[in-house]
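Chemist: One-letter residues, chain by chain:
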Amino acid sequence: MRLLLVEDDAILGDGLKAGLTLEGYAVDWLIDGAQADEALKLNHYDLVVLDLNLPRMDGMSVLKNLRRRKDSTPVLVLTAREGVAERVAGLDNGADDFVTKPFDLAEICARLRALARRHDGHSLPVIEHKGVTIDPAAHQVYFNGKPVDLAQKEFEVLSYLMGHIGQVISRARLEESLYAWGSEVESNAVEVHIHHLRKKLDSNLIRTIRGVGYIIDEN
Amino acid sequence: MVKHFRLAPRSLKKQLLLSLLTSLLLVWGVTAYFSYKQTRDEVTELFNAELAQSARVVHAFVENMVRQRALTKLWERDKAPELFDTPILGHKYERKIAFQLRSVKEGLVLRSESAPEFALSLTRNGYSETMLYGQLWHVFSLSTENGNYVIHVGQRDDIRRELVEGIAGQQVIGFLIALPILGMMIWWIVSRTLSPVNQVKEQLASRAAGFLQPLSVDNLPDEVLPVVTQINSLFAMLEQAFANERNFTSDASHELRTPLAGLLTQIQVAQKTTDTQMRDQALQKAQQAVSRMTHTVQQLLTLSRVQHQQAGIAKQSVDVNQALIEVISDLDHAARDKRIDIELQGEPALVIVANPQLFQVLLRNLIDNAIKYSPIEGHIKVACRRENKRLQLTVDDSGPGVADDDYQRITQRFYRCVETANSVEGSGLGLSIVQRIVALHAADIDFAKSELGGLQARLHMDLAGSAPVK
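If you read the sequences in order, they're chains S and R. Every position in the first sequence, counted from 1, becomes a number in my numbering once 797 is added. Every position in the second sequence, counted from 1, becomes a number in my numbering once 2 is added.
So that you can see chain S by itself, here it is in the shape it has in the complex:
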């Protein structure tokens, strides 16, 4: 999943980028609000982690602009203040969740998973479809009840498609969700991951629609 991290503190930003990357997110990290505003206009993100106290444009304005564009990307707001007023204002301006600093990395990850699955329209933590069970929190996939060993990227591709059952997902979108800015993308990486998934799971699970992308059918 492609995630935009906006945090102006060098050490915290670096830590979050590292931690979230370890969780499998493709993390783009920006330190100023105006840049974040631009990035959100130009790119598709599955999740946003947004600090409020930012140079050049504060987080609240970035959030307002995002919602004004009718963009419903889930936003997790980081705040250093304990007041209720800021939370109320944040939620009213379209924030999906709040975390007060300092926080636990595990909590951030859990909240992000919850945000992602609510946004995809299902609130159960485990997705089950055609004998494939995916548990994002445990990073575990079962096929017909037996655990299947998947590489990190393969897991990401599968959970992205399982999160959008019945929708055609383009190759470019899958690539975006796998790679942050600056990381090397092999030209046929997505095809390779799909190929591996078909081998490890039911070969009919993921259907290719030529020239468009991939889909997991509803039935």
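Treat the hints as calculated values from the structure; they're not laboratory data. Wrong hints could be hidden among the right ones.
[Claimed, not checked] Derived Cβ-Cβ restraints for the label pairs, each shown as a range: (1) 835(S) - 245(R): 32 to 40 Å; (2) 238(R) - 961(S): 52 to 60 Å; (3) 348(R) - 835(S): 33 to 41 Å; (4) 864(S) - 316(R): 53 to 61 Å.
[Stated by the list, open to error] Subject to a maximum C-alpha distance of 27 Å in a straight line, what follows is the list of computed DSSO-like cross-link-like pairs (lysine-lysine): (5) 996(S) - 927(S); (6) 274(R) - 950(S); (7) 451(R) - 340(R); (8) 340(R) - 317(R); (9) 451(R) - 374(R); (10) 340(R) - 943(S).
[Stated by the list, open to error] One side only, chain R facing chain S, incomplete, derived with CB under 10 Å: (11) 13; (12) 290; (13) 291.
Every residue gets a Cβ at the ideal spot worked out from N, C-alpha and C, and that includes glycine.
Could you slot chain R onto chain S? The hints should help.
Modeler: This is chain R only, laid out in the frame that chain S set:
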């Protein structure tokens, strides 16, 4: 403790009432006394005139009788009381006047009922006072043309006095009735006029402690308005001070929470990763976070220390060059890490009166800032010289400087400029500390663009001996 006796009460209202009522009573008393006295004199004059008038009426009558030679034959002694004593048709004061007609040869010819038989006066013409049987009489006498008869018209002094007092007393009673009415009016006017003061007092008394809303200035008189305006501006200042204090706590918590979050996240990344290089990096960052927080806490403590210092701190002579050399040698390792060249341009014998520790903190913050914001292999120039009998100390750096709009804001707590907020470790408190120390030494500081390209901090301070030491 000795309790001082106060002649005037503290209350404006009581003071006004006391002085107004006292002067009213005084003026009233004097006026009433003179008015009484004058009325008495006037009435006495009136009675005297009446005596003369009555005498002339009788005189004209007697003169006529004498001419007709009818007096002695026709009138016997005491035959004409009805002439003057007519109780039915008369006036209540009428009987108070007595009348005698005396023949020089034969004595009393005629008298009114109230008149004694003995002659009322020995005077033949004009006013006189006579003592008769223990009674004082006021008499007007008039003799006939031939000199045979004398007419005396008299009034007993006790009766006259009674009448005079009665008439003059009437006036005093009028005054006595007016006095309480006037007093009540004064009381009412004073209370009414002072009611805005009372309103302000009640507004102040009824508010809870810490409630700093401005007082209402509606319908306030010109004299009270400036006071209330002043109180309101004081309230506003207090409110601002409280807000600053709240902001400080909030800002301080922000400044500590963010690096704390960074520290925790880096530690968790180190725990989670299997990659040794990544773990080392994360631990290194965690260490950086700790040292940054240590710096912030130190600066917070310094700021809180200098903020509660008063201007009366211990001061002594400080050699500016010496202090600069000490601070620069302390910071030398930091400068050498970034291969920054610090140039010191001194002038001998620059001595100021300052608190040596605080002055060092001030210099350290200025030069430390210059080092932090200068690029690697940057240049810093520290210069001090005598200018117009004052010390001018400048610190120039070749860093990015600040935006034109930000020169005013850089001394605010936790203010950090956009360009450098991420790249440079700092608490955002250094210049707040500097500003406070500057204020404690009655010095001044301003910031401008440096010829080296970055920021120039310029401190002006009195040199020792050039100004009285406080």
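Chemist: None of the hints should be skipped; say for each whether it holds.
Modeler: Hints, one by one, checked against the model:
{"no.": "1", "hint": "835(S) - 245(R): 32 to 40 Å", "in the structure": "holds (34 Å)"}
{"no.": "2", "hint": "238(R) - 961(S): 52 to 60 Å", "in the structure": "holds (57 Å)"}
{"no.": "3", "hint": "348(R) - 835(S): 33 to 41 Å", "in the structure": "violated (49 Å)"}
{"no.": "4", "hint": "864(S) - 316(R): 53 to 61 Å", "in the structure": "holds (58 Å)"}
{"no.": "5", "hint": "996(S) - 927(S)", "in the structure": "holds (16 Å)"}
{"no.": "6", "hint": "274(R) - 950(S)", "in the structure": "holds (18 Å)"}
{"no.": "7", "hint": "451(R) - 340(R)", "in the structure": "holds (22 Å)"}
{"no.": "8", "hint": "340(R) - 317(R)", "in the structure": "violated (35 Å)"}
{"no.": "9", "hint": "451(R) - 374(R)", "in the structure": "holds (17 Å)"}
{"no.": "10", "hint": "340(R) - 943(S)", "in the structure": "violated (58 Å)"}
{"no.": "11", "hint": "13", "in the structure": "violated (46 Å)"}
{"no.": "12", "hint": "290", "in the structure": "holds (6 Å)"}
{"no.": "13", "hint": "291", "in the structure": "holds (5 Å)"}
The structure does not agree with the numbered hints 3, 8, 10, 11 stated previously, though it agrees with the rest.
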